[in-house]
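Asks: Please construct the entire structure, taking both the sequences and the accompanying hints into account.
For the protein sequence lines, the chains are R and F, in the order given.
Residue numbering for the first sequence is 1 to 116, as defined by my numbering.
Residue numbering for the second sequence is 1 to 111, as defined by my numbering.
The hints are simulated quantities; they were obtained by calculation from the structure and are not laboratory data.
Where a beta carbon is used, it is the ideal one built from N, C-alpha and C, also for glycine.
Some hints could be false.
In silico SDA-like cross-links for lysine to any residue, where the CA-CA straight-line distance does not exceed 20 Å [what the hints assert, rightly or not]:
1) R:11 / R:76
2) F:42 / R:114
3) F:42 / R:41
4) F:42 / R:14
5) R:14 / R:62
6) R:78 / R:104
7) F:37 / R:39
8) R:57 / F:12
9) F:37 / R:114
10) F:42 / R:87
11) F:37 / F:70
12) R:11 / F:84
13) F:110 / F:15
14) F:37 / R:104
15) F:56 / F:31
16) F:110 / F:39
17) F:37 / F:72
18) F:56 / F:40
19) F:42 / R:5
20) F:68 / F:54
21) F:37 / F:53
22) F:42 / R:57
23) F:37 / R:44
24) R:57 / R:44
With beta-carbon atoms standing in for the labels, derived distance ranges [what the hints assert, rightly or not]:
25) F:52 / R:15: 39 to 45 Å
26) F:41 / R:104: 30 to 36 Å
27) F:18 / R:20: 32 to 38 Å
28) F:15 / R:99: 37 to 43 Å
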Amino acid sequence: GAGVSQSPRYKVAKRGQDVALRCDPISGHVSLFWYQQALGQGPEFLTYFQNEAQLDKSGLPSDRFFAERPEGSVSTLKIQRTQQEDSAVYLCASSFVTSGSLYEQYFGPGTRLTVT
Amino acid sequence: GESVGLHLPTLSVQEGDNSIINCAYSNSASDYFIWYKQESGKGPQFIIDIRSNMDKRQGQRVTVLLNKTVKHLSLQIAATQPGDSAVYFCAVYRGNNDMRFGAGTRLTVKP
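Replies: So this is what it looks like as structure tokens:
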């Protein structure tokens, strides 16, 4: 079956622009995660949804970052007034697990955001 | 705070040799330890996990060893193949949705 898909795969934004990154999780996966991966680093947690509920947004670096999953399926990560330090790969992951072994996550290919 | 690190940023091995990738962690209150593989242009892919009450677990060509005394985790890949070339991340999972990744080791397999 289809895996997690993300779009766009690459995004170049000028400093100050707003961007929206989309994630299509695996069908039926209840849990959805967003991570930020800086060059040469491991992914860092941003936020977690269970269905449409955003249960944890403790990793969002500032109030310029906003995520939503209104119908419990597709999710959008929005970054307002992008800054150069926002340049990274943004990974989305989904899981059929809702508790317990939530580390069993299926990752999408990521969106590489470059802010110039 | 938690830190998850790897001993070497890069590892180069000959095809057919065994590979060992190491990881150190700081927080003992972790339920699971996990290894992910990330190929260029792709997201991380789950390889194998080990629960904190175990010290060894084997999968297909991979073995994970956990030494809680020295807070050390390793991934052993038997008969390394060119398709194993990737960045390998260890991660610690502390329950709920709390998963922390290390910085990664780039494994290069020479033909």
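Asks: All the hints need checking, so say for each whether the structure fits it.
Replies: Here is what the structure says about each hint:
For the given pair, residue 11 of chain R sits about 14 Å from residue 76 of chain R by alpha-carbon distance, which is consistent with the 20 Å threshold. A distance of roughly 17 Å separates the Cα atoms of residue 42 of chain F and residue 114 of chain R; the hinted pair therefore holds under the 20 Å criterion. Between residue 42 of chain F and residue 41 of chain R the CA atoms are separated by roughly 14 Å; this keeps the pair inside 20 Å, and the hint holds. For the given pair, residue 42 of chain F sits about 25 Å from residue 14 of chain R by alpha-carbon distance, which is inconsistent with the 20 Å threshold.
Taken as a hint, the residue 14 of chain R and residue 62 of chain R pair is honoured in the structure, with Cα atoms around 18 Å apart against an allowance of 20 Å. Proposed proximity of residue 78 of chain R and residue 104 of chain R is contradicted: the alpha carbons are some 25 Å apart, above 20 Å. For the proposed pair residue 37 of chain F and residue 39 of chain R, the alpha carbon gap of about 16 Å is at most 20 Å, so the pair holds. At roughly 38 Å between alpha-carbon atoms, residue 57 of chain R and residue 12 of chain F are farther apart than 20 Å, so this suggested pair is violated.
Between residue 37 of chain F and residue 114 of chain R the alpha-carbon distance is near 24 Å, which puts this suggested pair outside the 20 Å criterion. Between the alpha carbons of residue 42 of chain F and residue 87 of chain R the distance comes to roughly 17 Å, so the proposed pair stays at or under 20 Å and holds. Between the alpha carbons of residue 37 of chain F and residue 70 of chain F the distance comes to roughly 24 Å, so the proposed pair goes past 20 Å and is violated. A hinted pair counts as satisfied when its Cα atoms are at most 20 Å apart, and residue 11 of chain R with residue 84 of chain F does not qualify at roughly 29 Å.
For the given pair, residue 110 of chain F sits about 6 Å from residue 15 of chain F by alpha-carbon distance, which is consistent with the 20 Å threshold. Distance restraint check for residue 37 of chain F and residue 104 of chain R: the Cα-Cα separation of roughly 13 Å lies within the 20 Å cut-off, and the hinted pair is therefore satisfied. Restraint check for residue 56 of chain F and residue 31 of chain F: the C-alpha separation of about 15 Å stays at or below 20 Å, so the hint holds. Using a Cα cut-off of 20 Å, the hinted pair residue 110 of chain F and residue 39 of chain F holds, with the two alpha carbons roughly 16 Å apart.
Taking the CA atoms of residue 37 of chain F and residue 72 of chain F, the gap is near 18 Å; set against the 20 Å cutoff, the hint holds. Using a Cα cut-off of 20 Å, the hinted pair residue 56 of chain F and residue 40 of chain F is violated, with the two alpha carbons roughly 29 Å apart. Proposed proximity of residue 42 of chain F and residue 5 of chain R is supported: the alpha carbons are some 11 Å apart, at most 20 Å. Proposed proximity of residue 68 of chain F and residue 54 of chain F is supported: the alpha carbons are some 9 Å apart, at most 20 Å.
Between residue 37 of chain F and residue 53 of chain F the alpha-carbon distance is near 23 Å, which puts this suggested pair outside the 20 Å criterion. Between residue 42 of chain F and residue 57 of chain R the alpha-carbon distance is near 24 Å, which puts this suggested pair outside the 20 Å criterion. Restraint check for residue 37 of chain F and residue 44 of chain R: satisfied, since their Cα atoms lie roughly 16 Å apart, inside the 20 Å limit. The hinted pair formed by residue 57 of chain R and residue 44 of chain R meets the criterion: a straight-line CA distance of about 12 Å does not exceed 20 Å.
For residue 52 of chain F paired with residue 15 of chain R, a C-beta distance near 44 Å keeps the hint of 39 to 45 Å intact. For residue 41 of chain F and residue 104 of chain R, the Cβ-Cβ distance of about 22 Å falls outside the hinted range of 30 to 36 Å, so the restraint is violated. The hint said 32 to 38 Å for the Cβ distance between residue 18 of chain F and residue 20 of chain R, and at roughly 45 Å that hint is violated. For residue 15 of chain F and residue 99 of chain R, the hinted distance range of 37 to 43 Å is satisfied, since their beta carbons lie about 41 Å from each other.
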